[in-house]
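When we follow our numbering, the leftmost residue of the sequence shown carries the number 1469, and every step to the right adds one.
Rather than coming from a laboratory, the hints here were simulated on the basis of the structure.
Treat each hint with caution, since some may be false.
To be verified - With a straight-line Cα cutoff of 20 Å, these simulated DMTMM-like cross-link-like pairs (lysine to aspartate or glutamate) come out:
#1 Lys1627 x Glu1697
#2 Lys1621 x Glu1584
#3 Lys1621 x Asp1655
#4 Lys1566 x Glu1584
#5 Lys1566 x Glu1536
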Amino acid sequence: MNQLTSENETAKQIVSQLLENHQTIVSMISHEIRNPLTLVSSALQIIEIQHPEVINFHGWSQAIEDIEFMCNLLNELSDFNNGSTLHHSVFSLEKLLKNIAVSFAMSLDSINSNIEFTSKISLNSDNYTGDKIKFEEVILNLLQNAKDAVSEKTFTDSKGSIFLCAEKISDSIVISCTDNGCGISDDIVNTIFDPFVTYKTNGTGLGLALSKKIIEAHGGTLIVTSSDETGTVFTITLPV
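Work out the full structure, taking the sequences as your base and the hints as a guide.
Here you go:
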């Protein structure tokens, strides 16, 4: 029995080392590709400034878009690879959520959006221990997805709406992002958290996968309920 236990522990250590090496390799590859690609992007921007006529060249705009997409993909791949690595600090989660809500509302106003955004944030708690930057990234990603879903839907008798709610229920913090947008069909809703699965034009398929990974690293859960008629609700549940 002792020998079997020892072999299991050895196997676990090997698997852990392989995963760690895999993460290191992914980070190195992303870094090595992103740097020269960024230089290429900068060079093309300089050419466009010095020679504005290139804008009318066939394929120029598409080439710029493709390079931007690759840069974003490499950035998100690096973020996804490090999604479980948290830099903890103690901060006010309620204050963070309220600041995000204000910034998001201002962004809608700046583009004259016909989307009604409301929020209800009442946690009655000052201190939360977690990765503040990554947590903010998750909430902004959910709000952006809600905005995209609402923008894709045509409203006749009503208007698009997004509602951010955060409250403490028993021993949990529950944060939900609700929209009345186009919804997610039943045949794809179970795949939206899978890496590289996307149903958006120019989407990388890493945003929701990364969000789920970050929330789970905080000991919480991220789930979704959706329908074509009523819209979508993403719900984060965190232990207090």
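### Message
Hints numbered earlier in the text: which of these fail when held up against the supplied structure?
### Response
5
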